[in-house]
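From first to last, the protein sequence lines stand for chains A and B. Numbered continuously in our numbering, the first sequence closes out at residue 324. Numbered continuously in our numbering, the second sequence closes out at residue 1251.
No lab work stands behind these hints: they were computed from the structure. This structure is a prediction, so every number in the text was calculated from the model and none was measured. Mixed in with the good hints there might be a few duds.
Said to hold, decoys possible - Here are the computed lysine-lysine pairs in the PhoX-like style, where the Cα-Cα straight-line distance is at most 20 Å: (1) B:Lys-1024 x A:Lys-127; (2) B:Lys-1235 x A:Lys-318; (3) A:Lys-298 x B:Lys-1243; (4) B:Lys-1229 x A:Lys-283; (5) A:Lys-280 x B:Lys-1229; (6) A:Lys-318 x B:Lys-1194; (7) A:Lys-216 x A:Lys-290; (8) A:Lys-127 x B:Lys-1021; (9) A:Lys-127 x B:Lys-1229; (10) B:Lys-1229 x B:Lys-1243; (11) A:Lys-17 x A:Lys-283; (12) B:Lys-1218 x B:Lys-1024.
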Amino acid sequence: MSKILIVAEHDKGIVKKVSLSAVAFARQWAAKTGMSYDIAVLGQNVGPVAAALTAYGAGAIHVADHADLAHPLAPTWAKVLADLALDIGADVVVAAATTLGKDILPRVAVRLEAGMASDVIGIVQTKEGLGLRRPMWAGNLVGDVIITTDTKVLTVRAAAFDAAEATGGNSPIKAFAAQPDAAKSRTRFVSFDGVQSTRPDLAEAAVIVAGGRGLKDKFNAVTEPLADVLGAAIGASRAAVDDGFAPNDYQIGQTGKVVAPQLYFAIAISGAVQHLAGMKNSKVIVAINKNGDEPIFKVADYGLVADAFSAVPELTQKLKALRG
Amino acid sequence: MKILVSAKRVSDPNARLQVAKDGKWIEGDVEYVMNYFCENAIECALQIAESQDGVETVAVGIGDEDTARFIRQGALARGIDRGIYVAAEESEIDSDLIARIYEGVVHRERPDIVLIGKQAVDGDSNQVGQLLAEYLGWPQATFASKVELQGDEAIVTREVDGGLEVIAVSLPCVITADLRLNEPRYASLAGIMKAKKKPLEELEIDDLDLDDADPKVKVVALSTPSGRKAGVLVKDVDELIAKLRGEARVV
Ligand SMILES: Cc1cc2nc3c(=O)[nH]c(=O)nc-3n(C[C@H](O)[C@H](O)[C@H](O)COP(=O)(O)OP(=O)(O)OC[C@H]3O[C@@H](n4cnc5c(N)ncnc54)[C@H](O)[C@@H]3O)c2cc1C
Ligand SMILES: Nc1ncnc2c1ncn2[C@@H]1O[C@H](COP(=O)(O)O)[C@@H](O)[C@H]1O
Chain A
1 MSKILIVAEH DKGIVKKVSL SAVAFARQWA AKTGMSYDIA VLGQNVGPVA AALTAYGAGA
61 IHVADHADLA HPLAPTWAKV LADLALDIGA DVVVAAATTL GKDILPRVAV RLEAGMASDV
121 IGIVQTKEGL GLRRPMWAGN LVGDVIITTD TKVLTVRAAA FDAAEATGGN SPIKAFAAQP
181 DAAKSRTRFV SFDGVQSTRP DLAEAAVIVA GGRGLKDKFN AVTEPLADVL GAAIGASRAA
241 VDDGFAPNDY QIGQTGKVVA PQLYFAIAIS GAVQHLAGMK NSKVIVAINK NGDEPIFKVA
301 DYGLVADAFS AVPELTQKLK ALRG
Chain B
1001 MKILVSAKRV SDPNARLQVA KDGKWIEGDV EYVMNYFCEN AIECALQIAE SQDGVETVAV
1061 GIGDEDTARF IRQGALARGI DRGIYVAAEE SEIDSDLIAR IYEGVVHRER PDIVLIGKQA
1121 VDGDSNQVGQ LLAEYLGWPQ ATFASKVELQ GDEAIVTREV DGGLEVIAVS LPCVITADLR
1181 LNEPRYASLA GIMKAKKKPL EELEIDDLDL DDADPKVKVV ALSTPSGRKA GVLVKDVDEL
1241 IAKLRGEARV V
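Looking at chain B on its own, in the form it has when it is part of the complex (with noise of 0.2 Å):
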């Protein structure tokens, strides 16, 4: 069995963030991390791996040349066998694009189950594992919270809205992780010695016969919403009640 894994980098959601001057995208000299929900798909993956035989596992990343260096020492350096690296810029790529690349290098791998993250925390758009589940004509199951392998469907369960559900989807599938699937682990020392070694291949976009690379979707401006104004502290509980009653007239 063959599992793609997501490995992207994003810009720290809790760092300040500093629009660019042509206001597309944000400036340099913000602190990259793995995005959240990767690590999730990432620490999925390595589940499935230690769990039975012939699993290998390929982590996929896009983006920037910093990407690479992610790809190594958050993925490899976790467990993942190798890696593949897609040049692109990213302020000019939307979801689908990075779908549509996706399904590129799932046609030249093959692999039975795609695992990625169910958003990317800095354009949350929470779009690429449905489009790319769409194009390849596979089935989805996204927000999982947990993923059971049975035969050749994988059972996983979802948090949506209203509850939990359980579906099963026939491999080969797309599946994006969500917070709850797992505490994704650390890299052990050993695992960053070997992930120095493991293959890590370099891919243009033009390597992947796409129609064409133009995205659908285009940021125009980014701004910084204007921030709410810190209210009062109120002394005890007869304060507040008298605030809300009296002031905001909501109780």
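Okay, chain A solo, but in the shape it has when bound (with noise of 0.2 Å):
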């Protein structure tokens, strides 16, 4: 029988909640083809992270645990999966769509042979077979696109896809003996500077709080205790970033993170197509802003116009003092 292959990331041990949204587009894929699925994990000391993944009903989980897997560089990990998905006769490779995803299975398609799709957002049927939906033109379009190819690859964006649930049930843990021959990926993991937060991920926030270049070099004075109250993530618009206001992690968009909370306040962003593409999904969102023209009002459910650096603090407040 047919196989999906999904690849699972994961950070100091825990499964990044992105994967579990992978999960549940091959429960989707294999609900309209029989498929199953099993799940891959690569990396170093790895077991902790397999074994939270037996309960979602993966026909295996594969384990590639080696000293060469340690940071996941694209040539290296790219053929150990390959490696994998030959190996147990996987016709579809997914990962979520983050940086991660993106850099590493295009590598898998070209040694598999097989076409791919970035940054899925859902499963469609077309006249010329099951095809996938993805955003185009900075999510100003949506195209249905159809792999021609047997094996297909892709990544699915993690906003369009709840993460799949634990369904209880125990995968087998199966060790896969990678051959990732460093050396001849000529790449060299030199260093890694991360964000250090004790807030929830963006992908992973109900709440998130988002400012824009309009808060200069008080974007944390504004942007941290409206946060603090709501246990939300903190995002930015690139301009910001750019401005170096805020770290690049931070940014939502067409060329940053893609996020849809339950809430999402951006404050003091324009709302440009490209900011847009990352967070229209969102469920509520609220915008503030000085200037009642701009762009971002057309998809805010509540707007209120006003100068940031009083009416934040005043909603931060007050909101402080009705959560006691």
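Mind assembling these two chains? They're in different frames, but the hints should get you there.
Next up, the structure:
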């Protein structure tokens, strides 16, 4: 029987929620095609990650545990993933559309002579067969595409698939004897400068407080207290990142992260198409901007035309008081 | 040293886009601009060429006839030495075929670095650089926000989820440019004049010895997503809180 192979991303021994969205995609694809799905865990000392994945209905959890896989360097990871896909006879390889997925999966596609679709948001029946829906032109259009090769590779947009729930069961964990060949990859990991934060991940947060260029050097002073009260993640427009008020990891939009929280605050953000591409599927959008003509108000459920430097602290204070 | 850079034209993502009648691509009469990420790639190549001797830069553009004009105006006029235009029907190529065309060009030109955009802002696939690197068996450094050459290595800072990663890749390699890599320059008047005389080779896909010219991914239908409706304006913070608690029940 044909199989889907899901690439599980993890951080500090914990499976990322975005990968559970890839599992959700696989369940939908499996329901339409009769396929089953397996999960791949690559890295070093990844036993706990594999163990945490046994309750998601996979046929097997394949573990490639190797020192050369400690950092997700594309040529090395791609080789191991393609070897594994061939070994288990996978017809579909899927990962979340994170920077890791986008970096590595195209190389897997070449190795498997597969066509690849990026950033999939849905499965559609087209007149030429089962297709995939994906945003194009910064989300101004959506395309229904079909991959014509027998083997298919794709990344899925986590914001479009609710993370799969554990269903119980006990998938077997199988060791995969990876041969990463790191030297041949001619790629060397040098360093990683991570953003330290105790806040929820942007991809996982129920509430996001996003700030734009208008906040200037008061970006943190305005966004942090509100995020504290709401237990929210903090995001930013590209302009706020370009100007150095927020780290690149905060960027939301066409070239940043795509999010769909329950509640999104766009504070001093004008609402350029590239920003909207990353947040317009949020459930409730609040815009606070001193200029009532900005395009952000065309997508906001609640708009407040006000100076953020006074309105946001007032909002923060009042919400805090309400929460006791 | 030789650097190959990309010069792709894209329909302006800010313009109103009209889906063609067959639903598979967009209809003519749209504004075209240079793909933003290609501008960053071109700028990076120019900076490398300015910082050391003996660097030749070559721009590659694939697409409809008008692409040749973009190579001249967007790449050669900015200072790239020469261009290669490969004719192709834009609605019938996918990232994989683009990567194989690049592979064909790499076999002819033998560059040390291929510097291209991380993403084309029409198809938004973010694949070509990675596909090309695997076809060539080369290392890759994607989503670059800083590139430094040291001996036969490129030290590249990459914008990834969670922060900034630095990797070293040995040449020859593929690097894909992110927007914060640099501020692309404008073409000067002198540059525009000079560009008119720079060599611009025109090729057909057939000239490149590909096994086939079939795309692996086909667009079957394009459509406009259903938009979001504008909501209401509230008069002050108190009303906003009341709405969020009462109507939306989100705080
Ligand atoms: C290829 C490409 C990709 C891109 N990708 C992204 C992306 O991923 N994400 C992204 O965000 N952008 C992206 N952009 C950039 C995008 O086009 C906009 O330039 C950017 O989103 C603008 O950010 P901003 O709204 O913070 O800044 P601006 O457009 O400068 O808006 C600032 C806003 O702040 C308001 N303001 C100022 N002071 C106050 C105050 N005191 N109180 C209240 N309001 C105030 C102003 O009225 C204005 O609306 C991309 C662009 C390109 C070309
Ligand atoms: N038709 C083309 N001509 C030249 N370069 C291209 C073309 N299509 C894509 N590219 C390059 O490949 C990058 C990634 O494209 P994509 O993977 O399709 O999003 C783009 O940023 C360009 O630099």
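Taking the hints in turn, this is what the structure says about them:
A distance of roughly 13 Å separates the Cα atoms of Lys-1024 of chain B and Lys-127 of chain A; the hinted pair therefore holds under the 20 Å criterion. For the given pair, Lys-1235 of chain B sits about 16 Å from Lys-318 of chain A by alpha-carbon distance, which is consistent with the 20 Å threshold. For the given pair, Lys-298 of chain A sits about 18 Å from Lys-1243 of chain B by alpha-carbon distance, which is consistent with the 20 Å threshold. Under the criterion of a C-alpha separation no larger than 20 Å, the hint pairing Lys-1229 of chain B with Lys-283 of chain A is consistent with the structure, at around 12 Å.
Between Lys-280 of chain A and Lys-1229 of chain B the alpha-carbon distance is near 11 Å, which keeps this suggested pair within the 20 Å criterion. Taken as a hint, the Lys-318 of chain A and Lys-1194 of chain B pair is broken in the structure, with Cα atoms around 63 Å apart against an allowance of 20 Å. At roughly 14 Å between alpha-carbon atoms, Lys-216 of chain A and Lys-290 of chain A fall within 20 Å of each other, so this suggested pair holds. With a C-alpha separation of about 16 Å, the suggested pairing of Lys-127 of chain A with Lys-1021 of chain B holds against the 20 Å cut-off.
As the CA atoms of Lys-127 of chain A and Lys-1229 of chain B are separated by approximately 31 Å, the hinted pair breaks the 20 Å bound. Distance hint between Lys-1229 of chain B and Lys-1243 of chain B is fulfilled; the C-alpha atoms sit about 17 Å from each other, no more than 20 Å. Restraint check: the Cα-Cα separation between Lys-17 of chain A and Lys-283 of chain A comes to about 19 Å, which is no more than 20 Å; the hinted pair holds. Distance check on the hinted pair: Lys-1218 of chain B and Lys-1024 of chain B sit about 9 Å apart at the alpha-carbon level, within 20 Å; holds.
In this structure, the earlier hints numbered 6 and 9 are contradicted, and the remaining ones agree with it.
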